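Construct the complete structure from the given sequences, taking the supplied hints into account.
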Amino acid sequence: MRFAALADALAEGAIEVGARASDRTEAIRIAGDLLVSTGRATPHYTDEMVRAVDEHGPYIVIAPGIALAHGRPSAEVLDTGLSLAVLADPVVFGHSTNDPVRLVFGLAAFDHNAHLGLMRELALALSDVSVVNSLLNASQIEEVRAAL
Amino acid sequence: MKLLAVCGMGIGTSVLLKMNAEKVLRTLDIEATVDATDLATAQARRDAQIILTTPDLVDKLQGLPAEIIAIEHFFDLEEITQKLERSLG
Numbered sequence: 616m617r618f619a620a621l622a623d624a625l626a627e628g629a630i631e632v633g634a635r636a637s638d639r640t641e642a643i644r645i646a647g648d649l650l651v652s653t654g655r656a657t658p659h660y661t662d663e664m665v666r667a668v669d670e671h672g673p674y675i676v677i678a679p680g681i682a683l684a685h686g687r688p689s690a691e692v693l694d695t696g697l698s699l700a701v702l703a704d705p706v707v708f709g710h711s712t713n714d715p716v717r718l719v720f721g722l723a724a725f726d727h728n729a730h731l732g733l734m735r736e737l738a739l740a741l742s743d744v745s746v747v748n749s750l751l752n753a754s755q756i757e758e759v760r761a762a763l
Numbered sequence: 002m003k004l005l006a007v008c009g010m011g012i013g014t015s016v017l018l019k020m021n022a023e024k025v026l027r028t029l030d031i032e033a034t035v036d037a038t039d040l041a042t043a044q045a046r047r048d049a050q051i052i053l054t055t056p057d058l059v060d061k062l063q064g065l066p067a068e069i070i071a072i073e074h075f076f077d078l079e080e081i082t083q084k085l086e087r088s089l090g
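Protein chains in written order, with the working numbering: chain U, 616 to 763; chain V, 2 to 90.
Some hints could be false.
Said to hold, decoys possible - If you want the footprint, here are the derived chain V segments under chain U, 3+ residues with CB under 8 Å: (1) 8 to 14; (2) 49 to 61; (3) 64 to 78.
Hints are computed from structural coordinates only; laboratory data are not their basis. Just so you know, these numbers come straight off a predicted model, no measurement behind them. All C-beta atoms in this analysis are idealised placements derived from N, C-alpha and C, irrespective of residue type, glycine included.
Below, the structure is given as structure tokens:
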């Protein structure tokens, strides 16, 4: 692991590879469910992640094929954490240039500063083409872990 | 110089954008601060010269006394560099 904070935030069970979603809401819900099942957020937080995109558009698609779903810091966040759904088939989010999406990260953050170390590592990891390609081509959770 | 990086919630996408914008500004040797904010906060602020955001939010930031720059690929430092250089002349 080159990215200690990322590894820490991606709890055991927070990664799903080969996830199946037919639209962007389902895709976001998979990432949200992973935050819930790993104790990082409540199911309401997943609803917020979906609502954010319904309200503001697919701005969470931050790079070709990559979405970062998140709500705002609130009581629905139980711990700072990250989840990752690697979709079996790409899903159209409606973004002007970065569709379709294969990697859906879910982010739960307590406040505006607690997760900065994590975000710095996420930015570094996703700026690295070889890391992104490894994530896109991962067929097993171990491959995702190895890429990070 | 003050820049804002804006996303819907102010904690995810905007923070990533802020980090990469700061990296680019350092490389260009431009002294500036970049604040990550949510959309509502950005709409109420008047202190930034440049607002960086995603294409989806550009329309919601019109009317502010700042130049709006839409960044498509947040990790493409070249795109951020080119757009900032063009804006800063």
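Here's how the hints hold up against the structure:
1. Restraint check on the segment 8 to 14 of chain V versus chain U: 7 residues with Cβ-Cβ distances below 8 Å, three needed, restraint holds.
2. Counting residues of the segment 49 to 61 of chain V whose CB lies closer than 8 Å to any CB of chain U gives 6, which reaches the minimum of 3, so the coverage claim holds.
3. Residues of the segment 64 to 78 of chain V with a Cβ under 8 Å from some Cβ of chain U number 6, which satisfies the need for three, so the listed coverage holds.
In the structure shown, no violation is registered for any of the earlier numbered hints.
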